[in-house]
Structures are given as structure tokens and as C-alpha cells.
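Protein chains: 2
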Amino acid sequence: MDTQKIIKLDANDKLAARRGLFNLPEGIIYLNGNSLGPLPFSVPQHLETVTNREWGEDLISSWNRHGWIDLPQRVGEKIAPLLGAEGGQVICCDSISLNLFKLLAGSLQLRPGRTRLLTQSDNFPTDLYVAQGLQQLLGDSRCQLESVEADQLAAVLSDDVAVMLLSHVNFRDGAMHDMAALTRMVHQRGALVIWDLAHSAGVMPLQLDAWNVDFAVGCGYKFLNGGPGAPAFAYVNRRHHEKFTQPLWGWMGHKAPFEFGNDFIAAEGVNQFLTGTPSILSLAALDAALDCFVELELNQLREKSLALGECFLELMEQQPALAEFVLVSPKEASRRGSQLSFAHPQAYAICRAWADAGVIADFRSPDLLRIGFSPLIVRFAEIEQAVLALAEVVRNGTFREARYQQRLKVT
Amino acid sequence: MDTQKIIKLDANDKLAARRGLFNLPEGIIYLNGNSLGPLPFSVPQHLETVTNREWGEDLISSWNRHGWIDLPQRVGEKIAPLLGAEGGQVICCDSISLNLFKLLAGSLQLRPGRTRLLTQSDNFPTDLYVAQGLQQLLGDSRCQLESVEADQLAAVLSDDVAVMLLSHVNFRDGAMHDMAALTRMVHQRGALVIWDLAHSAGVMPLQLDAWNVDFAVGCGYKFLNGGPGAPAFAYVNRRHHEKFTQPLWGWMGHKAPFEFGNDFIAAEGVNQFLTGTPSILSLAALDAALDCFVELELNQLREKSLALGECFLELMEQQPALAEFVLVSPKEASRRGSQLSFAHPQAYAICRAWADAGVIADFRSPDLLRIGFSPLIVRFAEIEQAVLALAEVVRNGTFREARYQQRLKVT
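Respectively, the protein sequence lines represent chains A and B.
Residue numbers 4 to 414, in our numbering, belong to the letters of the first sequence in order.
Residue numbers 4 to 414, in our numbering, belong to the letters of the second sequence in order.
One or more hints might be untrue.
No copy labels: a pair is met if it fits in one copy or bridges any two.
Stated by the list, open to error - Below, computed lysine-lysine pairings styled on DSBU-like, alpha-carbon distance capped at 35 Å: (1) K8 x K258; (2) K8 x K412; (3) K334 x K8; (4) K11 x K246; (5) K334 x K246; (6) K246 x K412; (7) K412 x K258; (8) K258 x K11; (9) K17 x K246.
If you're looking for bench data, these hints aren't it; they were derived computationally from the structure.
All figures in this text were calculated on a predicted structure; none of them were measured in a lab.
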């Protein structure tokens with residue numbers, strides 16, 4: 004890998020023009036779109052319209068006039084193509100955690116007599132916490148979480164498992180599961196599956212319908228670039244619409260909320276997934292951000308994402324100063340999501356010193372440097388600059404200074 | 004009541020200057036702040052800063068640099084004085100519905116052996132739905148919702164009631180409970196109380212600490228003017244902090260979220276109330292909106308709110324055309340919140356025709372015209388114009404036209 008080759012990669016980048024859709028700060032190389040996606044230009048424009056014109060001028064009538072009431076469904080429909088989902092199965096609301104609670108509880112009800120929730124021990128913690136909270140609420144006789152290593156999932160999958168909850172791409176090491184194969188395996192035992200797509204939606208083609216997935220959740224603020232704490236989404240496969248019920252009943256999930264009836268009657272289809280009044284401003288930001296994906300071939304996202312990672316790896320190997328970084332992500336590109344993670348005893352301080360050198364990546368406890376590749380914005384030339392800057396940070400040793408060693412509240 | 008008197012009321016209005024904080028559309032009289040508060044000028048300015056500078060330029064570092072991570076608590080602290088709550092007991096997150104689920108489930112755990120949830124049959128529907136959903140999830144042996152008329156609450160309050168859930172001000176008729184007295188009554192039976200403050204926070208002084216209230220929830224988008232679907236708030240009295248647990252466990256309610264540990268350990272105090280990642284943009288809008296309440300004597304809000312309602316009633320009585328409207332709100336001002344509701348068989352169509360005449364109020368199924376008085380924005384002169392416009396709408400009969408009779412999706 005040399006500069007000539009990198010120039011060629013950028014010249015042949017079919018997604019290069021998409022970068023112009025984002026308002027990126029000057030002089031920053033942003034390798035953290037898997038933590039917080041950057042700001043699309045479309046967002047502040049749309050937020051201003053929704054705030055000043057819709058809220059400010061049209062006030063309460065905007066629920067009808069500007070379709071606020073259907074916004075969770077409309078944003079869901081925009082996300083659906085990224086998931087390989089036909090219409091009417093995706094809705095945007097609340098957080099991943101809350102949506103997982105709904106899906107886990109709903110799955111238990113769909114599989115009466117089965118009590119176990121199966122997951123992977125290094126799943127994203129909130130996925131574990133939600134399941135633990137449900138177990139604590141329902142009691143062990145109705146709900147038991149079992150967390151095992153990834154290679155033990157098949158072995159412990161017995162007929163009392165109601166649902167398996169997995170992250171498609173692991174947030175720490177970026178390892179990616181074979182969603183189709185694991186879904187088949189789970190269905191063979193009569194169980195259901197919930198996929199957490201936080202680290203895969205928006206960077207690769209997905210085929211939830213074709214893979215026969217039951218349920219999924221995903222994040223609005225990572226690769227979908229919907230802004231800090233953007234609402235999450237949920238996918239409920241159409242074949243479950245008739246029998247699925249989730250327990251967080253609220254007026255927005257009612258069949259006729261504005262009749263203000265005293266008894267809950269669930270709305271049809273994915274609409275019953277709503278609970279309270281949706282956050283219109285946050286939803287509107289995500290709505291506008293999703294325009295960055297319009298008329299995009301999803302295969303191009305995946306190709307570029309993997310090429311960026313391979314480029315990073317090749318360039319790293321050329322830097323003796325970086326020999327101490329241990330790749331913890333799968334070596335085989337096809338088994339990774341859109342990130343690379345390296346273990347290093349000084350990962351925290353190095354991550355901060357690298358940021359001061361203009362390269363934003365992420366630290367994940369206890370010792371991981373996590374590098375995310377947003378194919379819509381990152382250039383190959385930036386990968387070269389980033390690796391050179393990392394080597395320089397390691398060589399000059401500034402990361403050893405106290406200011407970089409001290410832990411911030413959010414790491 | 005005559006125009007001279009109304010001019011005097013406006014001249015003596017100590018809150019008159021606050022109206023200048025809001026971006027109100029020209030030619031509109033807005034009597035619907037109890038449905039969606041109007042837009043404060045501070046909001047779009049602050050949203051632009053948070054979007055363009057914090058998200059756009061400072062990206063992920065904003066969680067530390069701009070204190071996004073503490074925003075639910077900081078907004079809670081801004082709301083606390085409106086509730087009569089000392090620090091560390093109010094947090095802003097999710098929706099009323101979701102926060103009620105947390106509090107109802109948490110209350111059952113605080114009162115082991117007690118299974119009943121007591122509420123009022125005409126409570127706001129989502130409050131009923133949340134309780135019904137919890138009952139359906141836990142089963143009747145652990146949770147039973149009992150809904151009775153307001154005047155039956157004392158009679159059915161037995162020793163197996165774990166918690167009573169009431170709205171302080173009824174969304175339909177505006178009737179207000181005596182929160183202090185009912186809280187005492189509930190405590191005498193060893194039960195807990197949850198107050199829904201959706202229609203009282205921001206229009207009257209409240210004394211949650213002094214009244215010894217256990218828990219409360221409230222709305223960010225009505226009288227707090229935080230924008231459509233703004234996050235809700237929750238109050239957890241300090242004396243419950245040690246033993247209270249809510250079941251919607253998520254990483255933001257963890258004691259150390261960024262250690263990414265596998266087991267949920269609840270954060271201390273009200274912080275454990277969080278579940279998923281907070282919606283920063285929606286929270287930021289509410290944060291800015293709350294500045295409209297800075298250095299305000301809350302008694303002035305209540306005085307003006309009641310004076311606006313009395314003025315409306317007096318002027319209505321002077322209009323023979325309005326004789327068919329039946330007041331369903333309490334006649335005695337001190338027993339009302341900040342609204343008046345009138346039954347009329349044509350309430351829906353009249354409400355829409357009134358809107359076309361420039362006065363925005365609300366219809367509530369089946370036959371209520373609901374008129375809200377936001378003391379920060381409404382002028383007495385507007386009350387006079389509104390009543391005259393209503394009389395004209397009734398007299399000229401335009402409301403009988405088909406376009407006004409047809410129901411919109413959101414009513």
C-alpha cells in the first residue's frame with residue numbers, strides 16, 4: 004500500500020460524492036461514526052423548518068398538517084430498505100434498551116412454557132441489562148437469562164429457549180455473526196431471534212425478510228447519523244403481527260388514541276410498538292439524516308467499508324511503531340463489521356492523544372482502541388494520514404502525559 | 004366585565020413581559036398550551052448551537068465537553084423548583100407512559116404482598132393503559148388495576164393497595180385534586196402515591212417535598228413548552244432512593260456505564276431512572292424552553308391562570324349565543340387547573356371553525372371544547388377577542404359546513 008494506490012482508491016470511490024452531504028469540521032479525521040455519526044447538512048435545515056414553521060407557526064395543527072402523528076412509521080419506512088424489510092414492519096421510537104424490553108417480553112409471550120433468554124456473554128451491556136431487568140421483574144420461574152460465549156450458543160440452545168438475543172456485529176471487536184445461519188439454527192429449535200443491528204445497519208446490506216428474522220432493533224445515532232441519542236428502530240416481522248404483544252402499553256400504541264377510551268386495544272401491526280408521545284424534534288433530525296442514503300447501492304457501502312479497514316491494516320503493518328497493537332477483530336474482512344479494534348495497554352491515553360492530533364476514534368474499556376469506518380464520509384487518504392498520525396503519537400510518547408491518562412466521565 | 008376592566012387587567016399583569024419570550028404567530032390566539040406549548044425564542048437558537056457547534060464540530064467529545072451526559076439531570080434540576088422539589092430528585096427522560104411503567108412496577112416492589120394499583124376511571128388513558136399493560140405482564144396474582152370514580156377513592160383504599168396513581172388535574176374537565184390531602188390519606192393506609200402532573204406543572208406552585216409525595220411524572224411539551232413530544236420528567240422522593248428499583252434496566256441507569264460490565268448495578272438516586280441513551284436534541288429544546296421560567300414567582304402563574312379563566316367565564320355569560328355550552332369544569336376556580344371545558348354536541352366542528360377564526364383551542368372526545376390558559380403568553384384582551392369570536396362562530400353557523408364536521412386523524 005502506497006500513496007499512489009491510495010490516490011487511486013479515492014479516485015475510484017463510488018461513494019466519494021456522499022461526503023459532501025456532511026458538515027465535517029476542518030482538519031478532523033473522523034473514525035468514530037460507530038459511536039456518533041457526523042452531522043448531515045440536511046439536519047439543521049430540516050430542524051429549523053420543523054421548529055420555526057411547524058411548531059412555531061402551525062402549532063398543534065402540525066400533528067395533522069405536517070404528519071407528526073405518522074413520523075415514527077415514516078422514518079421506519081425510510082430505514083426499512085437498509086434492513087431488507089418490506090413495508091409495514093419497521094418503526095422508529097424510544098431507545099434500543101426500551102425496544103429490547105418490549106421484544107424480549109413479547110417473545111416470552113409468543114413461546115409459552117419456554118422461560119430462557121439466550122445471549123452472548125460479551126453482548127453490548129445494555130442488551131444484557133434489559134434482559135436482567137426483565138428477569139428480575141418476572142422472576143426466575145418465568146424468565147432466565149443465560150449468557151454464553153459465542154461458540155457455545157449452538158450447544159446450549161435447547162427446547163426451553165424462548166428467544167435468542169444477539170448483536171449482529173460485536174461492539175468491542177467488530178466480529179460479525181452469520182445472521183441467516185444462526186436464525187435458521189434458532190428456528191430449528193422452535194425459538195425466536197432478536198438481532199441488535201446497532202453496528203451493522205447503514206454500513207452493509209441486510210436481508211431481514213429473506214433471512215426470516217423474527218425481530219430486530221437498531222440505533223439511530225451511529226451509522227444512520229441521526230444525532231446524539233436519536234430514536235432507535237424496531238423490526239417486527241409481519242408473520243408475528245397478529246399474535247405479538249409488547250407490554251409497554253401507551254396511548255400511541257392504541258388502535259384509536261384520540262377516542263380516549265379506558266381500555267387498551269392494541270393498534271394493528273407494528274404500530275402497537277409505540278408507547279408514549281414520540282419525540283418529534285429528534286425524529287425529525289433522523290428523518291432528514293436518512294436522506295443521505297437515498298438511491299444508494301448498499302453493496303457499495305459494504306465494499307468501501309471493508310476496503311477502508313483493509314487499507315488501515317496494511318498501512319499499520321508498515322509502521323514498526325505500531326507493532327504493539329494487537330488486532331482483536333477477525334482477520335478475515337468478511338467476518339467483520341465496519342470497524343477494527345486493537346488491544347494496547349495504553350489504548351485510552353493513545354486514543355486521546357490521537358484525537359489531539361486530529362484523528363477521532365474510540366476507546367472501549369479496558370484496553371481497546373476502536374476504529375470505525377463510515378463509508379459515506381471517510382476517504383482513503385484520511386486512512387493514510389490517520390495511521391501516520393497514530394505512529395507519530397506512539398513514537399513521540401505524548402500520550403504518557405498526565406492530561407491524557409486521566410479518565411473523563413464518558414470514555 | 005367590560006373592555007375597560009380588561010385593559011386594566013392587562014396593564015396590571017406582572018407576567019406580561021414574559022410573552023415576549025415566545026415566537027407566537029401573528030393573528031392567532033393560542034388557548035392550547037395544555038396540548039402543545041408555543042415556541043420560545045430561546046429554543047431554535049439553542050438547538051442551532053447544539054446541532055451545529057456541539058454535534059457538528061465537537062462531535063463525540065460533546066458528551067463530556069458540553070455535558071450531554073448529565074443533561075437529563077440538569078434539565079431535571081431546572082424543573083425541580085416548579086415542583087417544590089429539592090435537588091437530586093427530578094430527572095428528565097423518556098415519556099410519561101414509560102416513566103409510569105417504571106414507577107408502578109417499582110412501587111409494587113416497595114410494597115411486597117400488596118397487589119392492587121388504584122386509579123381514577125377517567126384518568127388520562129395512557130395512565131390506565133400503562134397499568135393494564137403491567138397487569139397483563141405480571142398476571143392478576145401480582146398486579147390488579149382498580150379504577151373507580153374520584154369520590155370512591157377513599158372508600159376502596161384498603162391495605163392491599165400498593166400504590167395510587169392519580170392525575171393532579173384531569174385532562175378532560177380540569178378538576179384538580181387536593182394533592183396534600185390525598186397523599187396523606189394514601190400514606191395512612193401504608194400505600195404509595197404517584198401523581199401525574201401533566202396539566203399542573205408550570206402553571207401553579209407545587210410542593211411535592213412538603214406534601215410528602217412519593218413519586219410524580221409530568222410532561223415536557225405542555226405548559227413547559229419543550230416542543231412536540233419533549234421528554235417527560237419523573238420525581239422520586241429522596242426517602243425512596245435507597246430501596247426503589249425500576250425494572251427497565253439500561254446502560255444509562257448503570258452505576259458505571261462506561262466500564263461496560265456484564266451485570267447491572269443501579270446508579271445511585273434518581274440516576275437509575277434512566278434506561279437508554281437520552282435524546283439530546285429533544286432534551287436541549289426543553290432545556291432552553293425552561294429558561295422562560297427563570298426568576299418567576301410561581302404564585303403569579305396561578306393567580307393569572309385563574310384570572311384568565313374567570314375572565315373567560317364572565318365574558319361567556321354575557322353572550323346569549325353561548326348559552327348552550329355547559330361548563331363541565333368545577334365552578335370554583337380554586338378547584339380547577341389552568342383550563343375550562345365545556346360540553347357542546349357540536350364541540351368538534353365549533354373548535355375547528357373557531358380555529359379558522361384565529362382562536363386555537365382543543366377538542367376532547369366525545370363532546371368537549373377544552374380551553375387552556377398559559378399564563379406566560381395569554382393576554383386578557385385575547386380572552387375578550389376569543390369569546391367574541393366564539394359567539395360569532397356559533398351565530399353565523401359556519402361550523403355546520405361539511406369541512407368542519409369531518410374528523411381529522413389527530414383531534
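Going through the hints against the structure:
1. Proximity of K8 to K258 under the C-alpha cut-off of 35 Å is found in neither arrangement, the shortest distances being 58 Å within a copy and 48 Å between copies.
2. Within a single copy, K8 and K412 get their C-alpha atoms no closer than 41 Å, and across copies no closer than 57 Å, so neither meets the 35 Å cut-off.
3. For a Cα distance limit of 35 Å, the shortest separation of K334 from K8 inside one copy, 22 Å, qualifies, whereas the shortest one across copies, 81 Å, does not.
4. In the homo-oligomer, the alpha carbons of K11 and K246 never lie at most 35 Å apart, since the shortest distance is 53 Å inside one protomer and 62 Å across protomers.
5. Proximity of K334 and K246 under a CA criterion of 35 Å is satisfied in neither setting, with 42 Å inside one chain copy and 47 Å between copies.
6. With identical chains, the CA atoms of K246 and K412 are at most 35 Å apart between copies only, with a shortest distance of 26 Å across copies and 43 Å within one.
7. With identical chains, the CA atoms of K412 and K258 are at most 35 Å apart between copies only, with a shortest distance of 12 Å across copies and 43 Å within one.
8. For the identical chains of this complex, K258 and K11 are neighbours neither inside a copy (56 Å) nor across copies (48 Å), given an alpha-carbon limit of 35 Å.
9. Taking identical chains as interchangeable, the C-alpha atoms of K17 and K246 are never at most 35 Å apart, the minima being 44 Å within one chain and 57 Å between chains.
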